[in-house]
Each structure stands twice: as structure tokens, then as C-alpha cells.
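Participant: One-letter residues, chain by chain:
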Amino acid sequence: MRSSRSVLAVALASALVLAGCGGAGETPANSGAQKGEPAPGVTDTEVVIGTHQPLTGPAAPGYSRISVGAKAVYDYVNDGGGINGRKITYKVEDDGYNPTKTVEVVKKLVLQDKVFAIVGGLGTPTHSKVLDYLSGEGVPDVLVSSGALMWNSPEKHPNTFGYQLDYTREGKIQGQYIKDNFAGKKVGLLVQGDDVGTDTQKGLDQFIKDQIVERKTYDPANTDVTPQISALQAAGAEVVVCECIPAFMALTILTTLKIGYKPQLVVSSIGADPATLTGLVEQFAKQGGAQVSGGALLTGIIGTRYLPSVRGGDDAWTTFFKGIHDKYIPQEAFTDTLVYGMVQAYTFSQALKAAGKDLTRQKLLDAMSSGELKGPGLTPFAYSKDDHAGYTGALVFRIEADGSVKTLQEAKTTDTQTGEVKSYGEKRPTPEEVKLVG
Amino acid sequence: MKNLPPIVLHLLAALGCLVLLVLLTMVTDPFTNLRIATVGYYLVAVAGLALLTGFNGQVSLGHGAFMFIGAYTVALLVKRVPSFPIWADLLLATVAGGIAGLLAGAAAARLRGPYLAGATLALAVGLPAVAQRFPDLFAGSNGLSFTVNSQPAALAGVPPTRWQAWIVWLAVLLALVFLANLARGKLGRTLRAVRDDEVAASLAGVHVGRTKILAFLVSSACGGLAGGLQAFLLGTAAPGSFTVALSLSLLAALVLGGLGSLWGALWGALALVYFQVWTDDLAELLDLRTDISDNLPLALYGVVLIVIVLAFPAGIQGGLRKVWVRVRRPAPSQRGEA
Numbered sequence: 019m020r021s022s023r024s025v026l027a028v029a030l031a032s033a034l035v036l037a038g039c040g041g042a043g044e045t046p047a048n049s050g051a052q053k054g055e056p057a058p059g060v061t062d063t064e065v066v067i068g069t070h071q072p073l074t075g076p077a078a079p080g081y082s083r084i085s086v087g088a089k090a091v092y093d094y095v096n097d098g099g100g101i102n103g104r105k106i107t108y109k110v111e112d113d114g115y116n117p118t119k120t121v122e123v124v125k126k127l128v129l130q131d132k133v134f135a136i137v138g139g140l141g142t143p144t145h146s147k148v149l150d151y152l153s154g155e156g157v158p159d160v161l162v163s164s165g166a167l168m169w170n171s172p173e174k175h176p177n178t179f180g181y182q183l184d185y186t187r188e189g190k191i192q193g194q195y196i197k198d199n200f201a202g203k204k205v206g207l208l209v210q211g212d213d214v215g216t217d218t219q220k221g222l223d224q225f226i227k228d229q230i231v232e233r234k235t236y237d238p239a240n241t242d243v244t245p246q247i248s249a250l251q252a253a254g255a256e257v258v259v260c261e262c263i264p265a266f267m268a269l270t271i272l273t274t275l276k277i278g279y280k281p282q283l284v285v286s287s288i289g290a291d292p293a294t295l296t297g298l299v300e301q302f303a304k305q306g307g308a309q310v311s312g313g314a315l316l317t318g319i320i321g322t323r324y325l326p327s328v329r330g331g332d333d334a335w336t337t338f339f340k341g342i343h344d345k346y347i348p349q350e351a352f353t354d355t356l357v358y359g360m361v362q363a364y365t366f367s368q369a370l371k372a373a374g375k376d377l378t379r380q381k382l383l384d385a386m387s388s389g390e391l392k393g394p395g396l397t398p399f400a401y402s403k404d405d406h407a408g409y410t411g412a413l414v415f416r417i418e419a420d421g422s423v424k425t426l427q428e429a430k431t432t433d434t435q436t437g438e439v440k441s442y443g444e445k446r447p448t449p450e451e452v453k454l455v456g
Numbered sequence: 033m034k035n036l037p038p039i040v041l042h043l044l045a046a047l048g049c050l051v052l053l054v055l056l057t058m059v060t061d062p063f064t065n066l067r068i069a070t071v072g073y074y075l076v077a078v079a080g081l082a083l084l085t086g087f088n089g090q091v092s093l094g095h096g097a098f099m100f101i102g103a104y105t106v107a108l109l110v111k112r113v114p115s116f117p118i119w120a121d122l123l124l125a126t127v128a129g130g131i132a133g134l135l136a137g138a139a140a141a142r143l144r145g146p147y148l149a150g151a152t153l154a155l156a157v158g159l160p161a162v163a164q165r166f167p168d169l170f171a172g173s174n175g176l177s178f179t180v181n182s183q184p185a186a187l188a189g190v191p192p193t194r195w196q197a198w199i200v201w202l203a204v205l206l207a208l209v210f211l212a213n214l215a216r217g218k219l220g221r222t223l224r225a226v227r228d229d230e231v232a233a234s235l236a237g238v239h240v241g242r243t244k245i246l247a248f249l250v251s252s253a254c255g256g257l258a259g260g261l262q263a264f265l266l267g268t269a270a271p272g273s274f275t276v277a278l279s280l281s282l283l284a285a286l287v288l289g290g291l292g293s294l295w296g297a298l299w300g301a302l303a304l305v306y307f308q309v310w311t312d313d314l315a316e317l318l319d320l321r322t323d324i325s326d327n328l329p330l331a332l333y334g335v336v337l338i339v340i341v342l343a344f345p346a347g348i349q350g351g352l353r354k355v356w357v358r359v360r361r362p363a364p365s366q367r368g369e370a
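In the order they appear, the protein sequences are chains A and B.
Numbering of the first sequence is given in the working numbering, commencing with residue 19 and proceeding in unit increments.
Numbering of the second sequence is given in the working numbering, commencing with residue 33 and proceeding in unit increments.
I should point out that these hints are in silico values taken from the structure, not numbers from a laboratory.
Predicted model, so just to flag it, every value in this text is computed and none were measured.
Each residue gets a CB set at the ideal place from its N, CA and C atoms; glycine is no exception.
Please note: incorrect hints may appear among the correct ones.
Dumping the calculated SDA-like pairs for lysine to any residue here, alpha-carbon to alpha-carbon at most 20 Å [what the hints assert, rightly or not]:
#, chain 1, residue 1, chain 2, residue 2
1, A, K304, B, D313
2, A, K126, B, T179
3, A, K197, A, E173
4, A, K453, A, D93
5, A, K109, B, N327
6, A, K234, B, D168
7, A, K227, A, F200
8, A, K126, B, P192
9, A, K126, B, D168
10, A, K109, B, D313
Using C-beta positions, here's what the derived DEER-type ranges look like [stated by the list, open to error]:
#, chain 1, residue 1, chain 2, residue 2, range
11, B, V309, A, K174, 29 to 39 Å
12, A, A334, B, M58, 55 to 65 Å
13, B, L187, A, K304, 55 to 65 Å
14, B, R165, A, A314, 35 to 45 Å
15, A, T61, B, S115, 42 to 52 Å
16, B, V355, A, K174, 34 to 44 Å
17, B, R165, A, E438, 34 to 44 Å
18, A, A334, B, T60, 49 to 59 Å
19, B, A154, A, K174, 38 to 48 Å
20, A, G306, B, L342, 31 to 41 Å
21, A, L426, B, S115, 49 to 59 Å
Take the sequences, apply the hints, and build the full model.
Facilitator: Spelled out as C-alpha cells, the structure:
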């Protein structure tokens, strides 16, 4: 009796749900894009923007400083009177590099904090989960902190713009450098098991496909990379290309030390900040009960970068950002990762300025795709109406014994297809030329 | 009222709750609706764990793995079999979680104490790696992302998060009615008998192994449903969301809320969602250094957990009951009932 009633109850409830439901994977008749309304998050004196960053969790070592650098630049801009009379309020939400949290915090930013735009949302596994949502809501999603190719699809995601050098372009530049300088050597690959890996291989394979002897992936949730590194060693790889976030780059360096493996490490820009790496290597070793010298372990590592480096000698932009650093966040170590956030904030401020006094979301997007944005980066952005990719090239450098970085190959640019990797010599604007305030 | 069978009482209570929740979502903003729904799916997961740990005495450190299975079931169904309605996807997620639990339970029934904890922990650590092993199907670390179409055209005016909260809580309340009934019925008694003394239970004619497996089955089916609901709500299933930390936080939430009662699961789920929110706000208010404020929520959660367990060993629900008993005259013990 009792069971038949509960069956009836369940059946009734299901029928109710069934009555008003299409297939879960089908596209609904109307999508909720809102256009032509006054821009949320904008008043005459303020513009509210938001971001999701890994302040805790597996990507926090290193990356948690990015938003600190960005905040300092916004403070600098606000102290100078803001952009077009508006102060920038920068809301940073911690997602712990956990995609579930990313969706939650981005919805919080959009629904509760009513942000004007999402700026520099960090991570491929994380940000990819909010891409459709942000497009659907019509929220500008600019300067995504990841080099995956998927940010550049103007038809599908007209609001989304990349920022950093994408992994395919970077893979091409790395591939060509290895082909030219390590010809005939066996190459091993360690990549994060997501788009970082697949996008990079598209680039590398154009140059060194026959040199690659082993490909391994790691998962950010699992901090033991010994099996992967051992496999690379067993395959006899003399050059190991790492497309790793800083924490896993540091783990890789320590693991090679542990198993007595000395390949030439070639690191992509996402994990090639010498100052951050030094700190992480020493910190992780200490947690494991060992004392190592980060500087010594890093010597000889080859990296790529598209931004000025804090250790790269005289540069007008480095000096400019150092000034902001010393004034607003003197307690923070001045690292390339910090500069990454500062350049991002500076670039967004430039776009905001170009969007004009009468600010709407569409005007911001127009400013982004105008192709006019030029600033601190070593190579230009690809931005245009049909291209939403960020930086288009990088230089190759080596970390020296004294901790400085030596440029091995000047900045070159390329495309995401099979186009040539070519030198880029155009002069960058100085901070004075593209001044935001004052 | 007293003469009605429990199922009717529970269903009426669930209906009342659903009406209250719908009203609550109507007066709150879209983002609060999302949080209400989040409490919902955590509640199912923690309630399932309550049945296993509180009622049956088996400790699982790996319930996040069942949420993983549920979430990926919904994700794959939405992507690969788009014609299935969401309720069918959720039902299948529950079934998938249940099947996994049956297998895990069959192994676990022979284990107890630290060995059981270790085995379930292995599940939580190992299972997300499956996504890495088969990147073509599960999309590796990146995981799957998708948009769930569930809102009927007639209700297009309802904000999406409100509609999602309704669906989540409908599923949650159905699951709770099922669990509450189970806990009050014959199975609930056998579960408790096995928990308290396996030998005595066995002498009384209870099949100990079978009971334990059944507890695992029901509990992991709840985990599967919770994962499915999470995937439905957030449109994502990625290995980075189902870490060991998730499994441990579910267990911690259960201990915090109070073992041995479905009410405890509710307090636990509320704590999981809102404690984070409050401590985040607090950290922001205090204007601390970033490396302190970033980690403050987790540290405070730990402190509160320790304090609650020291002050009220039976969790929040135990504390509330103590207060209630002191206010009223001593009532007969209702241990282990919802």
C-alpha cells in the first residue's frame, strides 16, 4: 500500500515536470540577450568591473598576485581622477581555479554586483565555463587571462577578447627556436591536460613534430608530476617543453632534481616568471623538508615572454610600473606576474578611455576591436572586427646565473595558422605617449 | 494528522516546503536564487552522507566521487543525447551514482573504520583522473561545459536562476521525502541496528553485509543526484570541481550540522554555502593583507568546526535539540529520526 502510493507520488511529480520540458540539450526558442539598455555598473562617477582569480587553490601560487598588480594600476588611475571622470571599482572574486566556483562567482558579479564588464578572468578550465553565459547576458568579457584559442571566436562570442599570447602562436615560436637551436635533439612535452596542451601542440608540431618523443599531461588537481617526468626521462628527451602554470613549473623543476634528470627546460610564458618561480621552488622545497637555491635551479631555463620583464634591464614601461608598485604596493615583490596584472589593467583603462565619456558596453567592445590599442606589450594585439586574439608574438630569453634574463631572440610575431614566424621591429609607444591620467 | 501514514506526512511537508521556497525565490534577487539552489544540491549530498555515516556508521571520505559521476552523466547526456528532458538526465545521474555506490559498497561492506575511509578516499582521489585518461569523451582538465534548456516556453518570463532553483528544490524535496521515509521505516531501523552492534543485528536476523551495501547504494545515488543538479545549475562538469577537498567538506558539513539527522544535513548545507559568503564579506570588511584575507574563510571554517564539535558534540542539530529540550519539558528521545 505504502509503496504503491510513493510510486504514484513520484509518477505524478515526474509527469508534472515532463509536461513543461523540452530536451535538455536542445536550444531554447529565445535566448536572453539584452541590448539597448543603459549599461549596468556605470554611473557618472564610477564604473564597476569584476574578475575571477585563483586567490586560493592549485593555481594560487604566483597567479594570486595578478589582481594585486591590477588593483594598484586602478588605484593609480583613480588617484589621477579616473577615466573620463569615472573611478574604476575593481571587484576580485576568488574561484580557487575550480570551474564550479567560477560559474558561481561570475554569476555573482553579473547578477548581484551588476558589473559593467568582466576583465581578465583567469584560466582555461575556469573561464571556458562562463563564456556562453557572458555572451548570453551581453557582458563584455575582455582580456581573458589565458592563451587558449577559444577566446577568439567573434561570431560565437562577440563580447570576448583574448589578452595574452595564444598557445598556438607561442608553440610556433618555441618550435622554430628549438628547431633552429636544438636540431636533432629529442624533445619531450609536459602540458596541462586541457586546451593549453592541444593548442600548443598545433604550434609545436609545425616545426618539431619529428623531434618530439614523448607527450605527457598533468592535471592541476594532482600535484605529483613524478610519473610524467620519469616517462620523459625514460623516453630520452634532452629538451623538455613545459606549458605549465607556475606551481607546476616549480614542481617540474624540483622533480627533475629529485630523479636526477637534467634536460634543457623550455618554458612558455605562463610559467616563465623567474622571480615567481624562484620563490615557489624554494617554498615547495622547504615544505618538503629540503633547502634549495631557486636561483641556481633556474639557471639556463629558456622562456618566452611578450611583456617587459622586471629583470630585463632598462625599459620605460618597467620603470613606469615600478613607480606605481613603489607607491601603492611596496610590500609586494615586484615580479613579472605582478606586471602581467598591471599591463592588463592599463590596457583595459586605455580601452575604457577610448570608449569615450558616453560609455556603453558596445562602445567598449568597439574600442577593443578598433585596433588602436597600443601599449606596454612587446608585440601588438591582433584586435580587429574579425579577430579577438591578444598579443601576437614573443621574444625568447634565458635565465642567467645572476637571476637576470638574457634575450636570445628578439620579438617575433606570427599567426595561429601556418604563417611564417617573422621579426617585429616596430617601436612601442612610451608611457608618456599613451598617458591615461595627469 | 497523527493518523496519516508517514509518506503522506512527508509529502505534505515537502509540498509546504516547496511552496515556501517558491515564495522565497520570488522575493529574493536572481543571485540569491542561485545560492538557494546551491544549498539544495549540497543538501542532497550531505543528506545522503547522513544516511550512510549517521544512520549506518560507515564513514565515506569519497562522496565527491559520486557527485563527479552524477555531474558527468548529466553533462554527457545533455551534450550527446540532446533530446532527453532534464528530469530524465537527473534520474539517470541518480541511477549512475547508485550503480557506482553499489560497486563501491560491495567492496566497502567488508571494510570498516580506517580501511573503509581509506578505500573511499582512494575513490575521491582516483576517479577525477578518469577525465584525463579519456580526453576525447570527457575533455580532460578542461571538463565539459554546456547550456541546459529546461525552461518551458510558457514560463519564459521567470528569471533563469529562479526557475533553476525551483527544479533543484523539487528534486531535492523528492529525495528528502524518500530518505525521511526510509529512515523511519524498517530499513532505517536495520541501518541503526547494524551501526550500533553488528553481531546483535546479525543475531536478530539482519543481513549485515546487504544492509551496508544498501546504505551505500542509497547514499551514493543521492551523491549522483547532487552532482547532476550541480551540473544542471552551473552548466559545467570539470575534474577540478571534484577534488578531495569537496569530499572532506561534505563530511565536515555533516559533522557540523549533526550526524544522525536529516535536519543536520540542512544546517550543514547552509553552512557550506553561507559560511563562505559571510567570511568573505568579513575578510573584505577587515581590509586585511591579501594573503591573509584569501585564506581567512577556510581558516574560520576550521575554527568554527572545532568549536561546534567541542561545544555540541552532536553538531548544530544536537545543540538546537538541547536548547529545545531545555525550553520544553524533556521529550522522548528521537535519536536518528528526521
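Participant: Check each numbered hint against the structure and report the violated ones by number, ascending.
Facilitator: 1, 3, 9, 16
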